[in-house]
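Between the sequences and the hints, there should be enough to build the whole structure, so can you do that?
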Amino acid sequence: MTNVVLVTEELAPAALDLLAEDFEVRQVDGTDRPALLAALAGADAVIVRSATSIDAEALASAPRLRVVARAGVGLDNVDLPAATARGVLVVNAPTSNIVSAAEQAVALLLAVARHTATASATLKAGAWRRSLFTGVEVQGKTVGVVGLGRIGVLFAQRMAAFGVRLIAYDPYVQPARAAQLGVRLVGLDDLLRESDFVSVHLPRTPETLGLIGEKELALVKPTVRIINAARGGLVDERALAEALAEGRVAGAGLDVYETEPMTESPLFGFPNVVATPHLGASTFEAQDKAGVAVARSVRLALRGEFVPDAVNVRAGSAVDEDVRPLLPLAERLGRVFTAVAGGIAARATVEVRGAVVAHDVTVLELAILKGLFAPVVEEPVTYVNAPHLAADRGVEVELATVEDAGEHANLITVRGALPDGRTVAVAGTVVISGTRETAKLVEVDGFELDLAPEGVLLFFRYPDRPGVVGKIGTTLGRAGVNIAAMQVAREAAGGEALMVLTVDSAVDPEVLTTVGDGIGATRAAVVDLRAD
Numbered sequence: 343m344t345n346v347v348l349v350t351e352e353l354a355p356a357a358l359d360l361l362a363e364d365f366e367v368r369q370v371d372g373t374d375r376p377a378l379l380a381a382l383a384g385a386d387a388v389i390v391r392s393a394t395s396i397d398a399e400a401l402a403s404a405p406r407l408r409v410v411a412r413a414g415v416g417l418d419n420v421d422l423p424a425a426t427a428r429g430v431l432v433v434n435a436p437t438s439n440i441v442s443a444a445e446q447a448v449a450l451l452l453a454v455a456r457h458t459a460t461a462s463a464t465l466k467a468g469a470w471r472r473s474l475f476t477g478v479e480v481q482g483k484t485v486g487v488v489g490l491g492r493i494g495v496l497f498a499q500r501m502a503a504f505g506v507r508l509i510a511y512d513p514y515v516q517p518a519r520a521a522q523l524g525v526r527l528v529g530l531d532d533l534l535r536e537s538d539f540v541s542v543h544l545p546r547t548p549e550t551l552g553l554i555g556e557k558e559l560a561l562v563k564p565t566v567r568i569i570n571a572a573r574g575g576l577v578d579e580r581a582l583a584e585a586l587a588e589g590r591v592a593g594a595g596l597d598v599y600e601t602e603p604m605t606e607s608p609l610f611g612f613p614n615v616v617a618t619p620h621l622g623a624s625t626f627e628a629q630d631k632a633g634v635a636v637a638r639s640v641r642l643a644l645r646g647e648f649v650p651d652a653v654n655v656r657a658g659s660a661v662d663e664d665v666r667p668l669l670p671l672a673e674r675l676g677r678v679f680t681a682v683a684g685g686i687a688a689r690a691t692v693e694v695r696g697a698v699v700a701h702d703v704t705v706l707e708l709a710i711l712k713g714l715f716a717p718v719v720e721e722p723v724t725y726v727n728a729p730h731l732a733a734d735r736g737v738e739v740e741l742a743t744v745e746d747a748g749e750h751a752n753l754i755t756v757r758g759a760l761p762d763g764r765t766v767a768v769a770g771t772v773v774i775s776g777t778r779e780t781a782k783l784v785e786v787d788g789f790e791l792d793l794a795p796e797g798v799l800l801f802f803r804y805p806d807r808p809g810v811v812g813k814i815g816t817t818l819g820r821a822g823v824n825i826a827a828m829q830v831a832r833e834a835a836g837g838e839a840l841m842v843l844t845v846d847s848a849v850d851p852e853v854l855t856t857v858g859d860g861i862g863a864t865r866a867a868v869v870d871l872r873a874d
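Numbering (the working numbering), first residue to last: 343 to 874.
Check before you lean on any hint, since a few could be wrong.
To be verified - Derived lysine to aspartate or glutamate pairs resembling EDC-like cross-links, with alpha carbons at most 16 Å apart:
| # | residue 1 | residue 2 |
| --- | --- | --- |
| 1 | K557 | D531 |
| 2 | K563 | E584 |
| 3 | K563 | E536 |
| 4 | K483 | E536 |
| 5 | K563 | D532 |
| 6 | K563 | E588 |
| 7 | K563 | D531 |
| 8 | K557 | D578 |
| 9 | K563 | D538 |
| 10 | K782 | D792 |
As the list claims (entries may be wrong) - Ranges between beta-carbon positions, derived for each pair:
| # | residue 1 | residue 2 | range |
| --- | --- | --- | --- |
| 11 | A848 | A402 | 28 to 34 Å |
| 12 | A697 | D397 | 35 to 41 Å |
| 13 | E366 | T601 | 38 to 44 Å |
| 14 | P805 | A848 | 23 to 29 Å |
| 15 | S473 | T855 | 46 to 52 Å |
| 16 | D792 | G763 | 28 to 34 Å |
| 17 | P405 | R689 | 46 to 52 Å |
| 18 | T625 | D762 | 37 to 43 Å |
| 19 | A383 | P608 | 44 to 50 Å |
| 20 | A826 | P805 | 21 to 27 Å |
Read the hints as simulated data drawn from the structure, not as lab findings. Just so it is clear, the structure is predicted and the values come from calculations on it, not from any experiment. All C-beta atoms in this analysis are idealised placements derived from N, C-alpha and C, irrespective of residue type, glycine included.
See the structure below:
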């Protein structure tokens with residue numbers, strides 16, 4: 343029987359042609375809910391954009407469904423946990439829009455520098471007012487890039503052609519890699535003080551939300567122009583409006599907003615603000631790339647082959663059955679490593695131990711890389727782009743396999759050397775009993791643990807002494823954070839100790855800092871594993 347691919351929104355003709363070579367392609371209006379649910383009943387794969395919701399109800403209506411493909415980057419309209427629970431593979435097109443997004447940031451910067459939008463509107467309204475729109479040249483200016491991920495690098499490369507001085511803030515990029523790009527790495531405060539233009543290219547996470555706020559905007563030159571075409575909320579919109587009103591910021595170019603769609607904002611009233619409705623990916627080329635990319639992924643998936651762009655690879659079928667249970671653990675170990683290290687390693691070793699090494703375990707290295715970079719880059723991280731992200735940041739990674747796992751049936755260890763000379767190691771195992779698979783975090787920096795790597799985890803390293811548990815509980819309680827579980831490991835009484843807590847909700851960075859300062863912690867970190 344020929345597989346049926348259901349297309350619910352406009353897709354590039356090249357993508358439709360590619361699918362039609364092997365499958366029956368059917369089309370339906372994804373916004374017509376009854377029609378969508380009826381059509382899903384006979385579909386083996388469905389391709390959507392942003393207007394179609396594939397939620398638990400839609401998945402339940404599709405007994406044959408094997409693949410959900412999002413022709414774009416975001417996955418807000420796909421219920422990923424529900425799809426994974428049903429064994430449905432979810433794929434997207436993670437790099438389809440990176441060129442378009444970088445070019446949008448350049449366009450906003452130039453438009454703000456030359457008052458292009460306001461001058462155009464004024465002339466079209468019948469007024470010739472040249473004297474109001476004297477701009478500034480870009481050449482010779484300092485451009486600060488906040489985030490040197492794939493899009494940040496593309497933006498920097500394009501701005502270099504204008505003869506600017508490039509500086510960047512990104513704690514997860516090695517200085518040598520930045521130097522290769524002709525970019526000088528600096529701290530965020532220094533970037534804000536020095537820059538004539540600031541362009542933000544970061545993911546939206548609890549750590550980056552409000553990254554440029556009232557305190558940061560107090561550091562900038564009054565001639566600075568700020569560009570955000572990355573994610574809404576990274577620049578505090580209220581603080582930016584106040585800075586513009588007081589003349590402490592010369593202009594802004596915005597494509598993204600804290601809440602969207604956004605049609606009313608104090609920022610829209612400033613003539614020196616260029617505002618666009620989230621157009622970063624809105625080019626014909628980006629849409630075509632996205633369609634063709636997901637069409638290829640659908641072909642791979644329906645043929646039973648490994649799909650590199652799979653978001654929930656655990657639902658795939660090409661990974662060996664003995665290796666597959668270790669994939670979620672490996673990704674979480676990567677996330678824990680990044681949190682505990684507070685940065686990305688210059689060199690990292692992924693060590694896999696146990697009988698599982700008789701199989702191909704290279705996918706575990708990819709899973710760890712995915713976890714390492716997912717919290718710190720602006721684009722979705724997949725098994726295909728994770729190695730490129732490591733190479734782009736000058737991170738050397740090697741895989742080692744050992745048959746003997748000691749007391750464990752299997753053991754995965756991530757060990758890395760940081761640029762400041764520190765070494766960090768985290769390790770975990772999966773205990774398999776019948777059909778039950780239990781993941782455990784068993785080591786962090788030489789401290790032995792026995793903890794489920796799930797939920798929100800807090801890590802505190804501190805000198806062991808009485809009263810620490812009480813101080814932590816009191817401070818978290820005042821912040822409305824409930825402790826679900828806790829483990830303490832130590833080298834010796836009165837020596838160095840590591841406390842790991844599982845809590846029921848997200849923890850603000852300010853609360854984490856308060857707790858750490860209160861107990862004299864040498865290291866404090868948080869990692870949210872709820873979205874895995």
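These are the hints, each one checked on the structure:
Distance hint between K557 and D531 is fulfilled; the C-alpha atoms sit about 10 Å from each other, no more than 16 Å. A distance of roughly 15 Å separates the Cα atoms of K563 and E584; the hinted pair therefore holds under the 16 Å criterion. Only pairs whose Cα atoms come within 16 Å are accepted, and K563 paired with E536 is accepted, the gap being roughly 8 Å. Note on K483 and E536: the hinted pairing holds, with a Cα-Cα distance of about 10 Å set against a maximum of 16 Å.
The hinted pair formed by K563 and D532 meets the criterion: a straight-line CA distance of about 11 Å does not exceed 16 Å. Proposed proximity of K563 and E588 is supported: the alpha carbons are some 13 Å apart, at most 16 Å. At roughly 12 Å between alpha-carbon atoms, K563 and D531 fall within 16 Å of each other, so this suggested pair holds. For the hint linking K557 to D578, the alpha-carbon distance of about 10 Å falls within 16 Å, and the restraint holds.
Between K563 and D538, the direct Cα distance comes to roughly 7 Å. Compliance with the 16 Å bound is thereby established for this hinted pair. Note on K782 and D792: the hinted pairing holds, with a Cα-Cα distance of about 6 Å set against a maximum of 16 Å. Separation of A848 from A402 is about 30 Å and conforms to the stated range, judged on CB atoms against 28 to 34 Å. Hint check: A697 to D397, Cβ distance near 40 Å, so the stated range 35 to 41 Å holds.
The given range of 38 to 44 Å is respected by E366 and T601, whose C-beta atoms sit roughly 40 Å from each other. For P805 and A848, the Cβ-Cβ distance of about 28 Å falls inside the hinted range of 23 to 29 Å, so the restraint holds. As the Cβ distance of S473 to T855 is approximately 49 Å, the hint placing it in 46 to 52 Å holds. Restraint check, D792 to G763: a C-beta distance of roughly 30 Å satisfies the suggested window 28 to 34 Å.
In this structure the supplied range 46 to 52 Å holds for P405 paired with R689, their Cβ-Cβ distance being about 48 Å. Range check, T625 to D762: Cβ separation about 41 Å, and the 37 to 43 Å hint holds. Restraint check, A383 to P608: a C-beta distance of roughly 48 Å satisfies the suggested window 44 to 50 Å. The beta-carbon spacing between A826 and P805, approximately 25 Å, falls within the hinted interval of 21 to 27 Å.
Consistency with the previously given hints is maintained throughout, with no hint failing.
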